[in-house]
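Student: One letter stands for each residue in the lines below.
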Amino acid sequence: MSAVIDTHHHDHAHGPAKGLMRWVLTTNHKDIGSMYLWFSFAMFLLGGSMAMVIRAELFQPGLQLVQPEYFNQMTTTHGLIMVFGAVMPAFVGLANWMIPLMIGAPDMALPRMNNFSFWLLPMAFGLLVSTLFMEGGGPNFGWTFYAPLSTTYAPPSVTFFIFAIHLAGISSIMGAINIIATILNLRAPGMTLMKMPLFVWTWLITAFLLIAVMPVLAGVVTMMLMDIHFGTSFFNAAGGGDPVMFQHIFWFFGHPEVYIMILPAFGAVSQIIPAFSRKPLFGYTSMVYATAAIAFLSFIVWAHHMFTVGIPITGELFFMYATMLIAVPTGVKVFNWVSTMFRGALTFEAPMLFAVAFVILFTIGGFSGLMLAIAPADFQYHDTYFVVAHFHYVLVPGAIFGIFASAYYWLPKWTGHMYDETLAKTHFWMSFIGMNLAFFPMHFVGLAGMPRRIPDYNVMFANFNMISSVGAFMFGVTQLLFLFIVIKCIKGGTKAAANPWEGAEGLEWTVPSPAPYHTFTTPPEVK
Amino acid sequence: MSEQQSNKPVVTRLVLTVIGMFAFGFLMVPLYDVMCDALGINGKTSGTAYRQDVEHIDESRTLRVQFVATRAQGMAWDFNPDAEQLSLHPGETREMLFYAHNPTDRPMVAQAIPSVSPAKAAAFFHKTECFCFTQQVLQPGESVEMPVRFIVDPALPTDVKHLTLAYTLFDVSERMPDKLANASAQAH
Ligand code: HEM
Ligand SMILES: [Cu+2]
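So the sequences go chain by chain: A and B.
Here this note's numbering is used: position 431 in the first sequence is 431, and no number is missing along the way.
Count along the second sequence from 1, then add 1000; that gives the number in this note's numbering.
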């Protein structure tokens, strides 16, 4: 460990190393944060391309472009890449960049481990993507990889899929340990827990969720590995195992996982809305407690994904009410965001546009979630496009818009330049219209009975599906505009002041823009 | 220096939590079985023979028990119950025969997995003898009659009037190499 400190002291005067090795060996939180963000954007485009294949096939009923086997691989890898490759690393990237700046720390607590946890990701996803080119194809059993579909009936490449999940899981666990250690140990003097910015708070809680459930995910894929190769019968009924048990273990991980993808976005939005309302956040303390309450409840609702597998009626009722209970702390948050805006001096720059859209559209996703939580109704909705509509409303305008809002908000700090506001607003409106066109009609076809994970459908769903596909293409193409905006902003633009936003508060705005390679080497004093 | 060292306690605790949660994932397996057993959920019936102490028949109630035999995917045997259903009183010991036939040209080992619905009746469905307690070995072309003897507990909730006992038959030849070897030896 002392070696870390030594290199650190040497580096001080020099700034970043030259050449490619800078990126391979870096232990600097800003470098690593940037790598996470670029990696996640690459995965977003890759997973997005797969979504384009799906939507192209579903443009019309009948089979046009791909065969069902390949279609299944597309839905599965799209889901896996978006969840583990795009959203989670994007938030870890934001955490790396911003948490040290927000709490006045010189770097992350464990810089070397930080480097390692990043570099595990390209390996994990290289492995995952390579399975698509293997004999028998890649994973085709859905991102939820229910056994025994993913064991007994899986393509041979499933073993590599399992290792990919192991690697991505180890990476997240190390990232979470690092974030917790940083927040607990490296806060500047005077930065008490209840003075921490909300982004730091939500990440602290997210990191604890990761620590609690990523090992369970590792466990369940290990059981699959043993069933496949070592003759155990965890999930094989013939040997005394139980397929339903797979679902319990998976969703014990899976439900907290959806909060892992959304809590950091809650935090980011809680930074951005006050900045563009020129008012302090309404109800800071209640925000912290609401986040903690959501995290706690996320452990006791998992079986709402399993209402139809045949659980006892008391179980159905328990999981139904527990799930609905989550609406309470979530409602507190939405109330606080709206109250922050109420009578504020609002302006709508790109970060604020994305943040406001987040509040509105995430709430729509929350409402469809409440509908799905009603156990008797879920027998109708389960495994239909209604579910697809629901989780895309919480993931795309939720997680992804949260990431876009953060990116625009902090780009001036990262690059030292203002991004092109007109282009950014175009990006926003195209994304907003595109995603609503793509996902809103899915509610209707879902309620009318169109199943999910299907390459062909009844002609009665044709019109809505065509609208969905047009919206999806629009959303997809627009993301290239985002790439352009970011590159343009890195290359040049209006110089950004240390604090380019009139109403933004926090330590990150006290350092110059772009943030120097080393910041807060002497801790700031927080009053 | 001191900063780095102060990370140690936190990191140690977190790593221990990670290990603990990994173990917890595996602990969920026995926990799940215990829960299913204790609460009689999931349609699981006991894997061992039930021993009845005092016979008590409740003639005031008549129940219908249906029998279902299914073959798992890829299982070639013929497999069906002697009758589709029977009527009984709670507490009465009854028997049903299942037929199995191996039409292939190789010895095979099979395992039947029972399930009772409605799930809440599973805890009240007692088998005193069942072919599902062990594996079945059949030579090529061989047939067998397999009995299951059972009692429905008089404590069965009164709203249940109709039960289904379903068996799924799995080919476990590959998982049971010793049994298969024995069987092959007999065949020669
Ligand atoms: C570019 C925008 C997106 C489009 C057009 C899109 C489209 C789709 C479609 C059509 C499906 C359903 C496939 C089927 O059931 O047959 C799907 C599944 C899914 N998507 Fe997306 N998606 C997008 C973005 C995202 C994002 C950002 C995430 C996550 C963060 C995500 C996560 C998932 C997941 C988890 C599934 C389920 C996969 C499965 O059924 O196993 N998607 N997507
Ligand atoms: Cu859930």
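To be clear, the hints were calculated from the coordinates, so they are not data collected in a lab.
We put the CB at the ideal spot given by N, CA and C, even for glycine.
Some hints could be false.
[Stated by the list, open to error] Pairs of lysine-lysine residues, derived as DSBU-like cross-links and limited to a Cα-Cα distance of at most 35 Å, are as follows: (1) B:Lys1008 / A:Lys18; (2) B:Lys1120 / B:Lys1161; (3) A:Lys195 / B:Lys1120; (4) A:Lys18 / A:Lys527; (5) B:Lys1120 / A:Lys527.
[What the hints assert, rightly or not] Just so you have them, the derived chain B footprint on chain A, three or more residues with Cβ under 8 Å: (6) 37-48; (7) 171-183; (8) 387-394.
Student: Does each hint fit the structure? Answer for all of them.
Tutor: Each hint, compared with the structure:
Restraint check for B:Lys1008 and A:Lys18: the C-alpha separation of about 32 Å stays at or below 35 Å, so the hint holds. Proximity of B:Lys1120 to B:Lys1161 is assessed by CA-CA distance (about 12 Å); at most 35 Å being required, the pair is judged to hold. Straight-line distance between C-alpha atoms of A:Lys195 and B:Lys1120 comes to about 52 Å, which puts the hinted pair past the 35 Å bound. Of the supplied pair hints, the one linking A:Lys18 and A:Lys527 is violated, its CA atoms being roughly 38 Å apart against a limit of 35 Å.
Taking the CA atoms of B:Lys1120 and A:Lys527, the gap is near 61 Å; set against the 35 Å cutoff, the hint is violated. Here's how the region 37-48 of chain A fares: 0 of its residues keep a CB closer than 8 Å to some CB of chain B, so the rule of at least three is not met and the hint is violated. Only when three residues or more bring their CB closer than 8 Å to a CB of chain B does the claim for the region 171-183 of chain A stand; here the count is 5, and the claim holds. Note: the region 387-394 of chain A has 0 residues with beta-carbon separation from chain B under 8 Å; the three-residue rule is not met and the coverage is violated.
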